[in-house]
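Respectively, the protein sequence lines represent chains A and B. Each residue of the first sequence is one higher than the last, beginning at 8 in the working numbering. Each residue of the second sequence is one higher than the last, beginning at 32 in the working numbering.
FYI, nobody ran anything at the bench for these hints, they're computed from the structure. Quick caveat, the model's predicted, so the values are computed rather than measured. Glycine residues also receive a C-beta, built at the ideal position from the N, C-alpha and C atoms. Watch out, some of these pointers could steer you wrong.
As the list claims (entries may be wrong) - Here's a subset of chain B near chain A, in silico, CB distances under 10 Å, partners left out:
| id | residue |
| --- | --- |
| 1 | P38 |
| 2 | P40 |
| 3 | S62 |
| 4 | D65 |
| 5 | I99 |
As the list claims (entries may be wrong) - Using C-beta positions, here's what the derived DEER-type ranges look like:
| id | chain 1 | residue 1 | chain 2 | residue 2 | range |
| --- | --- | --- | --- | --- | --- |
| 6 | B | R72 | A | L80 | 55 to 61 Å |
| 7 | A | Q367 | B | E146 | 37 to 43 Å |
| 8 | B | I141 | A | K26 | 24 to 30 Å |
| 9 | B | E146 | A | N84 | 46 to 52 Å |
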Amino acid sequence: MANQPKGAIAGLGVTQMGKIYGRRAVDFAAEAIALALEDAGLNKSDVDGLLINANLSGDMDARSQMVMGFENLTLINAMSAYGSTAGSMMQYACMAIQEGLANVVVLVYADAPLSATRGAGQSYAGPHRFPLAGMAGLRAAYGNFGANPEYAMAARRHMHLYGTTSEQLGAIAVGQRAWAQLSPWAQMKQPMTLEDHQASRFIAEPLRLLDCCLVSNGAVAVIVTSSERTRDLRQPPVNVLGYAQCAPGDNLRTDRHPAVETGAKRSGEIAFRMAGINRDDIGTCQLYDCYTYTVLVTLEDYGFCAKGEGGAFVADGKLAPGGALPTNTGGGQLSGYYMWGFTPLSEAVVQARGQGGARQVPRNDYVLVSANGGILTYHSTIILSRHASG
Amino acid sequence: MTEKPVPVPDEISEPFFDGARQGRLMLQHCSACDGWSFPVRERCPHCFSAGLQWRQASGRGSLYTFTIMHQVMNPGFASAVPYNIAQIDLAEGVRMTSNIVSTGNEALRIGMPLEVVFEEADGNVSLPKFRPAAG
C-alpha cells in the first residue's frame, strides 16, 4: 500500500526538561503520557498499546505498565535499538494498528540520569564500578568511556577524508542554538556564535563541548493511531508516510567505514520510496544530533549533498532560522533537550502540525525524521506529513 | 591518586591476556572460514562456526583514526589527559581500539604504520598498545 498513511500521530506530550531532580523516569513518563492524551483528546482507557523505549539505566521496562496503571493492553513491549528506537517503535506501532492488534498506541521515552551529584559528563560515561572483566575491562584500560571518543574518532576520519572542519561542525551548533532561542521547550537559550563554538573546550578532539548533546531528565510521549481515527480528534493529523531501519553491522572490521556511510543511506532510500516523495519535497529535517557530526553525516547519507560535501553544505547556515533547509528547529539534542530519538520526533510533530509559533517553518508538507543509535550502529527514518499521501 | 582501571581476564579472554603478558598479540581465527575476529567472542562472526582458534597476529597495522581525550571520564585518567585513543586497522582485517605510545599526540597521522608493544598495567596484566613503525 504505497503512498497510503501507515498510521498517524494524534497526541504529543513533552514534560519539563533538564535539571529536574528527584523524580524517577517512570514518573516523567506518566506525566508525558497524560499530556499526550490531553493533547489528543483521548482517555487513558482508550490506550491499548504501550511501547516503551528502554533507556540505558534500564529502569524503563514492560513493568512500567503497572506503575502507570494501564489495563487490558493488547500490545506491550520495551524496545531497544538505542538512540534509533523511536523510529522502530513508530514502525511497530503502525504495523500493529494496520494488523488490528491495537488501536491507540503510546510510544514513550523517559530518563532521569541527572542528579544533584551527577552531572551531564558522568551520566553517559559508562561503567562506574571497577574492576571490569574481559573486553569491557580492556576498553576501560585504554581510557575509552562512553560515546564521546567513538564519535570523535568518526568525525576525525571524516575530516581526514574530506577536509571537513571544526568550523563547519560549529555552523550546525550555532544554527541549532538560534532555533532553541525560538522554542519554549529548549534548555539552552543564550546566544552562541561560531567564535563561542571555537572557544569551547575540547571534550574529545576534534569534538568540542558545543559539538556534544545535552543530557536531560524528562519524558516525551507520542500517541499513534490510524489515519482515519485522527480525523475526529483534537489535533491536526500527522500522517506517517514512510519508515525504515538500517543497521550496517560490525564497525570493528577494516572493510567497514561507519564514519563514511551510516544506516541513514539505506533506511532513507526505503522510507522515501515508501512515502512516494523526493528529497526536494522535504521542507524541514529533524535529525538525530548526539553530536554536530551526526547531523552532517546524516545529511550526506540522505543525499542532500554529495558524500564528503557535508561540511561546505552546512557552513552557509542553511540549517538555521531563515535558511533553505531548516533543521532541528527545536534546538535538537544539542540545544533543546536530549530524549534520544524522541527529540527529533517530537519537534517533527510540532512542525507538521504547523504549531511551531516563532520557529514554524514555511514548508511543512513533508518532514524527515532520523534517529541513530549505538556508535552509528543503528538507524531509523520516518517521513511525516500533514497530507494523507505522498 | 586513583589508578587507571586494570582489566580482569575472564574465561573467554584469558588467552588474549596470557598472550599479552608474554608479548604476543593473540586474536581469534576461524578454521572454517579463515576469518579473524576481535573483540573476543564465542563464535565466528563471519560464518557462525564455533571453531575459533587463538593465533598470534602480526601486530602490524595502520592508524585508521584517533581522538585526543580532554574530558576526564574516569578518575584514573585525571593525570593522563590529554591522552589519545586510536583505532588501528590490523593486517588481519580487524580494527582494534588502543592507545598509541612512544610518540606525541601531535605526531599522530591517519595512515601511519604501527606495530604492537606491550605495556604492563600491573604485575599480572599487560595491555597491547601501538607505536610508530617503519613503513
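Comparing the hints with the structure gives:
| no. | hint | in the structure |
| --- | --- | --- |
| 1 | P38 | holds, 3 Å |
| 2 | P40 | holds, 7 Å |
| 3 | S62 | violated, 19 Å |
| 4 | D65 | violated, 14 Å |
| 5 | I99 | holds, 4 Å |
| 6 | R72(B) x L80(A): 55 to 61 Å | violated, 37 Å |
| 7 | Q367(A) x E146(B): 37 to 43 Å | violated, 58 Å |
| 8 | I141(B) x K26(A): 24 to 30 Å | violated, 39 Å |
| 9 | E146(B) x N84(A): 46 to 52 Å | holds, 48 Å |
Hint violations for this structure: numbers 3, 4, 6, 7, 8, all remaining hints satisfied.
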